[in-house]
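Novice: The lines below spell out each chain.
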Amino acid sequence: MTTPQPSEGAELRLIGLTKRFGPVTAVDNLHLQVASGAFIALLGPSGCGKTTTLRMVAGLEDPTAGQILLGDTDLTGLKPYRRPVNTVFQSYALFPHLDIYENVAFGLRRSGVKDVKAQVGQMLELVQLTGFERRRPLQVSGGQAQRVALARALVNHPKMLLLDEPLGALDLKLRREMQLTLKRIQEEVRITFLHVTHDQEEAMTMADTIAVMSSGHIEQLGHPEELYERPRTRFVANFLGQSNLLRTTVSGRNGDLAVLRIADTTVAVPADRVPSSGSEVHVGVRPEKLDLVAADEAVPQGRNALEAVVIDTSFMGTSTQYLVRTGWGQELTVFAQNRHTEVVAPGTLVRLTWRPEHAFVLEADAETPAAPRPAPVP
Amino acid sequence: MTGAPVTGGSVTGGPTTPPLIAPAADTGTDVAPPVRGRGRWIPYLLLLPGLLWLAVFFVLPMLTVASTSLQEGSLARGYELTWRVANYTDAAQRFAAQFVRAFTFAAASTLLALVVSYPLAYFIAFKAGRWRNVLLLLVIAPFFTSFLIRTLAWKIILSDSGWVVGTFQALGLLPEQGRLLATSVAVIAGLTYNFLPFMTLPLYASLEKIDRSLIEAATDLYASPFTAFWKVTWPLSLPGVVAGTLLTFIPAAGDFVNVRFLGTPSQSMIGNVIESRFLVVLDYPTAAALSFTLMLAILLLVGLYVRRAGTETIV
Amino acid sequence: MSRRLWRGVTRNLVGFYAALALLYLFLPVIVVIVFSFNDNAGRFNFTWQGFTLDSWLNPCGVAGLCQAMIRSIQIAIVSTIIATALGTMVAFALVRHRFRGRALTNLLIFLPMASPEVVLGSAMLALFLNVGVRTGFLTILLGHIMFNISYVVVTVKARLLGMDSRLEEAAMDLYADEWQTFRRVTLPLVTPGIVAATLLAFALSFDDFIITLFNSGNTTTFPLFVYGAAQRGIPPQINVMGTALFAVAFVVLIVGQVTRRFRRS
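Note that the protein sequences, when read in sequence, are chains G, F and L.
Start counting the first sequence at 1; every next residue gets the next number (our numbering).
Start counting the second sequence at 1001; every next residue gets the next number (our numbering).
Start counting the third sequence at 2001; every next residue gets the next number (our numbering).
Derived by calculation from the structure, the hints in this document are not laboratory data.
Built from N, CA and C at the ideal position, the CB exists for glycine as well.
It cannot be assumed that every hint is accurate.
As the list claims (entries may be wrong) - The calculated SDA-like cross-link candidates involving lysine to any residue, where the alpha carbons are at most 25 Å apart (straight line), are:
hint, chain 1, residue 1, chain 2, residue 2
1, F, Lys-1231, L, Arg-2004
2, F, Lys-1155, L, Thr-2220
3, F, Lys-1231, L, Leu-2013
4, F, Lys-1155, L, Phe-2037
5, F, Lys-1209, L, Leu-2013
6, F, Lys-1209, L, Ala-2196
Stated by the list, open to error - Partial list, computed: chain F residues near chain L (C-beta under 7 Å):
hint, residue
7, Pro-1043
8, Ala-1141
9, Phe-1144
10, Leu-1148
Stated by the list, open to error - Derived list of chain L stretches under chain F, where covered just means 3 residues or more per stretch with a C-beta under 8 Å from a C-beta of chain F:
hint, region
11, 2105-2116
12, 2221-2233
13, 2247-2255
Chain G with its partners taken away, still in its complex shape (with noise of 0.2 Å):
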């Protein structure tokens, strides 16, 4: 197959998209570019506006404020069947009635094409189910459903393809093999892609680009590893993966480095991360971040150090994880790579270290357990 540009004209723009059932904000205030030839996540829990968010960009729902751009054509308020534009649905959506064949050809057809069979032959080539063209809808696999659901919309040449929690259904497995085959075939039709997902490693995976939604918005946007290892808010730390949070007074500068104080100790992060106003910031630092070594050992230089106890240890296959307990009664998380031959007991004092540079920071909220202030020193 011939390699096809890149679709021109294709860059999504959402402005100030807005949704309301009756008393009910799902969309709120939305804003958002996509460049051509882009495979961006929606990625949030249900009830987050994302898949909201797709079908209005399909047109199967209509918005209660807002614009829906695509290169240089407004789609807002134009039926769904004049968008440039094809969905792979939830529950695949296969036309029970119709055979595999008739499936994948039921867009080009609508659209007057006369001679569908090379096109249909070419797509059913691509996502690997030659030979299945008489089949019915309701003898073919899940994995097998997905892809003619995948051919049925590429088929169409579409300037973007929406793809609405497609991989929920299927196995672990499988669900893994499709993830990597759709990001192939979107680098190799090089259309854009918007995929609606609440599962974060999915979106890490697939997707260069990634908005994390909540309530109706977008929290933060930006690619999967700088939403991970700097995210912005507390929702979006804790959305992807895990993190451990630990509230810090701003202190005082060591050269590039900001020094914060918790407890009867300080840590250090770089100064450019720490906002200028206010005293009281959130340092988190991600769990396989920390080093956990013996209490007596040095510390490396220029690592931060807290002590603490081990509480608990699970054994993960790859990693073990530790549940520690800081000096001021705050349990922490750590991953540790099972390349050491013991694992650290309960009860055992530790050290936990991590390079200033590894962690991220939020702005202070209410919800992580206060340090105790230190005892004035007489």
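Knowing the structure of chain G, use the given hints to seat chains F and L on it.
Specialist: Frame of chain G; chains F and L shown alone:
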């Protein structure tokens, strides 16, 4: 605030608002799609012919009956709307026995139909496997002979010289010269038979829907098979029981054919009276009063029954 | 009783009971079929007198029987077509559209099914008498359409509710406008429900007795003929017709089952 291009830095979009609960986007199959513009009139256009027909040939006749029931006069002199409520009280007094008999017979036949149908429906739903559809076919098929012909067949089966009567006499269930025809037994038997599919099919439908794993859970939690049935299967099949009993009781209460073929005037039900008043005696006011009363009684019973049984929709 | 023993007993007990019930269901049918071969010299066909094929060879031998059959078929065809059309439209409105007065509509559909036929038939007669319309073929037809609408609505509605509405969204997403979506997706998928409704309406109309009795005037349908014959004397030809009806219906049902299974594989 504007959203940033994907290639640049990232900015969160939108002002923060208090936490809002957004409904699940999957609105399900029975919520209508959004209405756009001129499509708003379509449902009314679709509804109009059918509902108009029902208005003219159901609602209007009911109103006519209500009005007729309050008239007095005769075919010769003509009828006049005098709001004669006495029509109702007179009719109720005169034909109280037939009313009572109608409801009694209907109740008896409904109960019998339930007893006969439930195990059959249970068998088809739980134990029939691949033969399910064949058995359902066999349940429905007999009812494609005409209703009247079937009832006449019972007349043959229950006749004095037939083998049923003979067997009953031999077993001592009937005295020497005893009959089945021209007794209440025959009428109830006929009523029971005639409405069996109306009982069996709803029962089957609701039994078939029961999640088998619920019964397995019950036995896993130490319930004996009987207890599992009583505590799990039976309650979950109640919607079918309600539907079936209603679909059987209502036509049975108003029936007059079974009495005509299998009974005598001393077993007459209110349906017989209405029929004779309307078509033979031509006493329209009384007939209308009886008809209206029957309708109200049934509606009242249905209302109470449905509310007590707690089902939300039958239709 | 041990669990296995109990299960063995219940498995067989319920099966035995079911077999008895089926026998009970078929008993009158068997009698009807058998007595269609009865050689009754006289008028009443209640006791077995001898075997003959005469009635089968001369099914229209009884005056008025075949005309009544034809009347019934005519009324059934017309009332089915009209009731199916009206009822299907109502079902679509109920399931696929939003409108005011839904509760009232549901009530209006439900009430005729909740009323005894005696009430429905006599009420219609009251109306016709009041308005001065002469009862006959037309009034029978009007009545049949009336009660059939509700059954059609219920049947088609059930089928529509079971249909995934996402399929219509998928069609529109794939460039089918409203009319094309209806024609190519909705209609093929709802058709089995419409067919079921049509068969049901036909059967109900053909076999209707009570409402027809009140509104028939001088017209005779097949059930009315049987009713009259019951007073006058029932010729075996009635059993012949009954058997034929049963056979036709049975064949139709079987064909329906077989085609469904065939299409699925």
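Novice: Under 7 Å is the threshold here; is the Cβ of F/Ala-1141 close enough to any Cβ of chain L for the hint to stand?
Specialist: 5 Å, holds
Novice: Please verify that hint: F/Phe-1144, Cβ, nearest Cβ of chain L, below 7 Å or not.
Specialist: 3 Å, holds
Novice: With a cut-off of 25 Å on the C-alpha distance, tell me whether F/Lys-1209 and L/Leu-2013 pass.
Specialist: 23 Å, holds
Novice: If you count the residues of the region 2247-2255 of chain L with a beta-carbon closer than 8 Å to a beta-carbon of chain F, do you get 3 or more?
Specialist: holds (count 5)
Novice: Tell me if the straight-line CA distance from F/Lys-1155 to L/Phe-2037 falls inside 25 Å.
Specialist: Holds - the C-alpha atoms of L/Phe-2037 and F/Lys-1155 are around 17 Å apart, at most 25 Å.
Novice: Using a Cβ cutoff of 8 Å, are there at least 3 residues of the region 2221-2233 of chain L near chain F, or does the coverage claim fail?
Specialist: That given contact holds, which follows from 5 residues of the region 2221-2233 of chain L lying within Cβ reach (below 8 Å) of chain F.
Novice: Would the stated hint for F/Pro-1043 survive a check requiring a Cβ distance to chain L of less than 7 Å?
Specialist: With a minimum Cβ separation of about 4 Å from chain L (threshold 7 Å), the hint on F/Pro-1043 holds.
Novice: Identify whether the interface hint at F/Leu-1148 stands, where standing means a beta carbon of chain L within less than 7 Å of its own.
Specialist: 4 Å, holds
Novice: Tell me if the straight-line CA distance from F/Lys-1231 to L/Leu-2013 falls inside 25 Å.
Specialist: 20 Å, holds
Novice: Going straight from one Cα to the other, do F/Lys-1209 and L/Ala-2196 come out at no more than 25 Å?
Specialist: Status holds; Cα separation ~20 Å.
Novice: Keeping to a limit of 25 Å between CA atoms, is the pair of F/Lys-1155 and L/Thr-2220 held or broken?
Specialist: 23 Å, holds
Novice: Does L/Arg-2004 sit within 25 Å of F/Lys-1231, going by the straight-line distance between their CA atoms?
Specialist: 20 Å, holds
In terms of the numbered hints stated before, the structure departs from none.
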